[in-house]
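2 protein chains.
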Amino acid sequence: MTTHTGHTNAIRASRVIGTDVFNTQGEKIGVIEDVMLEKTSNGIMFAVIGFGGFLGIGEKYHAIPWSVLDYEKSRAGYVVPFSQDQLKAAPAYSIEELTGGDGTSARDASFDYYKVTPYWY
Amino acid sequence: MTTHTGHTNAIRASRVIGTDVFNTQGEKIGVIEDVMLEKTSNGIMFAVIGFGGFLGIGEKYHAIPWSVLDYEKSRAGYVVPFSQDQLKAAPAYSIEELTGGDGTSARDASFDYYKVTPYWY
Numbered sequence: 001m002t003t004h005t006g007h008t009n010a011i012r013a014s015r016v017i018g019t020d021v022f023n024t025q026g027e028k029i030g031v032i033e034d035v036m037l038e039k040t041s042n043g044i045m046f047a048v049i050g051f052g053g054f055l056g057i058g059e060k061y062h063a064i065p066w067s068v069l070d071y072e073k074s075r076a077g078y079v080v081p082f083s084q085d086q087l088k089a090a091p092a093y094s095i096e097e098l099t100g101g102d103g104t105s106a107r108d109a110s111f112d113y114y115k116v117t118p119y120w121y
Numbered sequence: 001m002t003t004h005t006g007h008t009n010a011i012r013a014s015r016v017i018g019t020d021v022f023n024t025q026g027e028k029i030g031v032i033e034d035v036m037l038e039k040t041s042n043g044i045m046f047a048v049i050g051f052g053g054f055l056g057i058g059e060k061y062h063a064i065p066w067s068v069l070d071y072e073k074s075r076a077g078y079v080v081p082f083s084q085d086q087l088k089a090a091p092a093y094s095i096e097e098l099t100g101g102d103g104t105s106a107r108d109a110s111f112d113y114y115k116v117t118p119y120w121y
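Protein chains in written order, with this note's numbering: chain A, 1 to 121; chain B, 1 to 121.
It is possible that some hints are incorrect.
Given that identical chains are not distinguished, each listed pair holds provided it fits within a single copy or across any two copies.
[Stated by the list, open to error] When the alpha-carbon atoms are kept at most 25 Å apart in a straight line, the in silico DSS-like pairs for lysine-lysine are as follows:
1. 73 with 60
2. 39 with 28
3. 60 with 115
4. 73 with 39
5. 60 with 28
6. 115 with 88
7. 115 with 28
8. 88 with 60
Keep in mind that the hints were calculated from the coordinates and are not lab data. Computed from a prediction, not measured in an experiment: that's the story for all the values here.
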């Protein structure tokens with residue numbers, strides 16, 4: 001349950017929400033607005049990334065696979081191997097589209113864009 | 001990605017936090033204070049259950065396996081197969097004990113009490 005550096009491997013969801021997301025060049029490219037959980041398994045589906053506003057009707061978010069997020073203590077944020085342009089060009093959906101019963105296509109398109117195979121396949 | 005009733009299987013962590021927890025007799029036995037996520041896998045470790053206060057220093061919480069929580073729409077809360085007495089007698093720890101690098105024993109003792117094998121073993 002600990003990483004090779006001896007740090008714990010456990011993190012509270014409430015601490016993840018609101019955390020900044022940076023690209024590998026150190027530019028802030030977004031904020032973790034929420035974490036999507038699977039009800040009937042113990043899987044973390046993806047992080048909901050936005051640009052720092054409040055979750056609002058009509059606002060669009062990115063579904064970034066949890067496995068892509070790499071926490072970097074010095075930046076107090078997550079680092080992802082995407083540029084801001086890549087993130088802006090990524091599929092974006094409303095919260096309703098990402099959580100709804102027909103959200104499969106939205107989630108699939110996102111994982112496809114980031115070239116990550118969803119764990120649920 | 002949908003349940004047999006056609007509902008989505010995805011839920012936002014921010015919606016889970018603050019949700020009431022009931023026993024099978026319909027008595028409210030606690031509140032989900034947080035959800036513990038595993039950083040280096042995509043696993044939801046457990047729900048942090050308390051009695052509705054704020055997360056505070058010295059306060060003790062229960063680590064209930066995610067798989068035990070059953071959402072019941074009519075109650076707008078989660079139902080677990082424990083009595084309030086069982087929950088009160090369950091191992092309880094501070095947030096620091098549950099997240100810390102030496103949190104393994106706290107987590108193990110909790111899962112042992114609820115008779116659930118952690119997915120990480």
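Hints and how they fare:
no., hint, result
1, 73 with 60, "neither (28 Å within a copy, 27 Å between copies)"
2, 39 with 28, "between (31 Å within a copy, 20 Å between copies)"
3, 60 with 115, "within (20 Å within a copy, 41 Å between copies)"
4, 73 with 39, "between (30 Å within a copy, 13 Å between copies)"
5, 60 with 28, "within (18 Å within a copy, 36 Å between copies)"
6, 115 with 88, "within (16 Å within a copy, 46 Å between copies)"
7, 115 with 28, "within (22 Å within a copy, 43 Å between copies)"
8, 88 with 60, "within (11 Å within a copy, 42 Å between copies)"
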